[in-house]
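Assemble the complex: chain A is given as a structure, and chain B must be docked to it using the hints.
Protein chains in written order, with the numbering used here: chain A, 1 to 248; chain B, 1 to 359.
The set of hints was computed from the structure by calculation and includes no laboratory data.
Note that the structure is a prediction, hence the values are computed from the model and not measured.
Think of the CB as a built atom: it goes at the ideal place given N, C-alpha and C, for glycine as much as any other residue.
A few of these clues could be false.
[To be verified] Among the chain A residues that face chain B by a calculated CB cut under 7 Å, a handful are: (1) Gln-89; (2) Leu-110; (3) Leu-118; (4) Arg-120.
[Stated by the list, open to error] Computed spacing ranges between beta-carbons, pair by pair: (5) A:Ala-123 x B:Asp-183: 45 to 55 Å; (6) A:Asn-39 x B:Arg-145: 30 to 40 Å; (7) B:Asn-233 x A:Ala-123: 19 to 29 Å; (8) A:Ser-221 x B:Glu-164: 49 to 59 Å; (9) B:Asn-233 x A:Asn-39: 19 to 29 Å; (10) B:Glu-312 x A:Asn-39: 52 to 62 Å.
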Amino acid sequence: MTGILELHGISLSFGGLKVAQSVDLRLDAGARHALIGPNGAGKTTLINLITGVLAPSSGSVRLNGIDVTRLSQGQRVKRGIVRTFQISQLFPTMSAVENVVMAIAERDGLARVFWRPLVRFDAAFDEAHLLLERVGLGPHALTPIVHLSYGRRRLVELAIALALKPRVLLLDEPAAGVPSLETDLILDCLAALESDIAILLIDHDMDLVFRFAREITVLVSGAVYAHGAPDEIARDPEVKTIYFGEAA
Amino acid sequence: MTEQAAVSTTVPTTVPTTVPAAAVPGFGKGPLAAASRAQRPGALRLGPVDLIPWTVIALVYLLWPGQAPFAAQVLVLILFALSLDLVLGHAGIVTLGHAAFFGLGAYTVGMLNVHLGWREPLTALAAGGAVAGAVGVLSGLLLLRYSGLPLLMLTLATSAMLLELANYRSDLTGGFDGLSGIDPAPLFGTVAFDFSGKTQLLYAAAVLLVCFVFVRRLTASPFGQTLRGIRDNRRRMEAVGTPVFGHLLAVYSVSALLAGISGALFAQVNAYVTLDVLSFERSGGVMVMLAIAGLARPYGAMTGATLYAVIEHYLANVSPEFWEFGLGVALILIVLFARGGLLPTIERQVARRSGRARQ
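Extracted from the complex, chain A is given alone in its bound form:
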């Protein structure tokens, strides 16, 4: 049986710095997988390798058994590999719904339409409103991003990702800089997603990771250090030392 997303021996070096060392990773349908590790362990690099921002020096990325290592970022998005950003990448003066509509337009190939005004694409706007409702932002759909809290901006990011119909969803620190009250909103939202979407979550917030994940991979210096169920990882004394510091 093959997973939805598989990394086989992914390696990448920046000069002498090995940012990924023969990483193997597998996400099955419905995976709720967390990737943890100390700062500089190469977590975001791994997301960039999966999405095609970076090309590995060796190894392969497979989606449903098909090699996508040579595909561009855009081609991978069309096949369902979708990410969110650690620092929100939204259009601050545009409303939430306009931000989401841009993703829908790209997904449906409307971004090549140059003669018909965007405002006439009612279906895209209606869908964007529904997506925002799904992440709990229905009443804020018309609010410009600059007037939304950080937590709500993260939810807009999530709505954009969902607009792209992901099969593999990569969440890069979805709760970074978000107050704990709003973290719950994000977790609730993740819990409500379709069960067949495979999710890989990166975060420093251990509370969030252990509440979310059914499987955890620990990355240290670009290499997989440990992998297992949350309780196994929590018990592993070496992971405690590396990840939580000597004091743990």
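Then chain B, alone, in the frame of chain A:
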């Protein structure tokens, strides 16, 4: 401005005030129509403002025919500025070589007319646009792999090389002396270009109207919105799967085509072409026109090019040698006191007033 919302800007202060959630009742309960639609960007609602430029042209034609040749020049500049605004304003492609496409259009018309006797104006105009557009595609394939300062240098160098090439092949281009005696045939075989310049004015206005409507629709389209997305946050657009290079190449080529048409129009209206059409001053000047008015505004090109031309026209009368000093002073004042250009400043004032009125 009736169409403020058409433009996404990076300046947070120009955001229309928030619509409180309470003002938008019943979302998700049925059709999401009115409130949402009114908020959408790029609405093409025509208002009285949209009649002003064409009324002015008609008034000049009817009441001030002595200024018809000057007015036709202004329309040519507006079209050229409109083409640059597509790449610079909407797509964020910084180029200092846009005169290359203007010059290609102008020389295409000039050489077809003088060397081959191709005098039919509309097909010559199309040929000028086609040549510039084709060169836009080819040069874009190479140049658009760069951005920022390297792109600025490369576009500058490319247009400088084209200028030298035109100078070198003086047998074809007339070199320093230019090509004169361009005599377009009557429009549709009946309406002759004359010395009064009145035909030229109507012809230029018609070409501008067609191009203006085209640009207006393009910038309001999903394609236009995607361009502004690339300009403001390229990473975001790549992450939603946008083929960024393809979009940039497309808009660069369309812009080259429009710049070529403006150059072709220049040659037909003036009946001559000199090396000046390819000059750095022309590339820089058109950028200044947009800087005066503000980027990515529906009426930016019209406002900027008209002001620039009128300032130049009157200052040159006052002092033929030092008129650029006056232009420099005007520019410094705009940069210091009208951040982002005149139109964004007016928009901010209007937003502030209406905000105060609501309180």
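Consistency of the hints with the structure:
1. Gln-89: 4 Å, holds
2. Leu-110: At about 4 Å, which falls below the 7 Å cut-off, the nearest Cβ of chain B leaves the hint on A:Leu-110 intact, so it holds.
3. Leu-118: Status holds, d = 5 Å.
4. Arg-120: 9 Å, violated
5. A:Ala-123 x B:Asp-183: 45 to 55 Å: 53 Å, holds
6. A:Asn-39 x B:Arg-145: 30 to 40 Å: Taking Cβ atoms as reference, A:Asn-39 and B:Arg-145 lie about 33 Å apart, which means the hint holds.
7. B:Asn-233 x A:Ala-123: 19 to 29 Å: 25 Å, holds
8. A:Ser-221 x B:Glu-164: 49 to 59 Å: 55 Å, holds
9. B:Asn-233 x A:Asn-39: 19 to 29 Å: 25 Å, holds
10. B:Glu-312 x A:Asn-39: 52 to 62 Å: 58 Å, holds
This entry does not satisfy hint 4, going by the numbered hints stated previously; all others are met.
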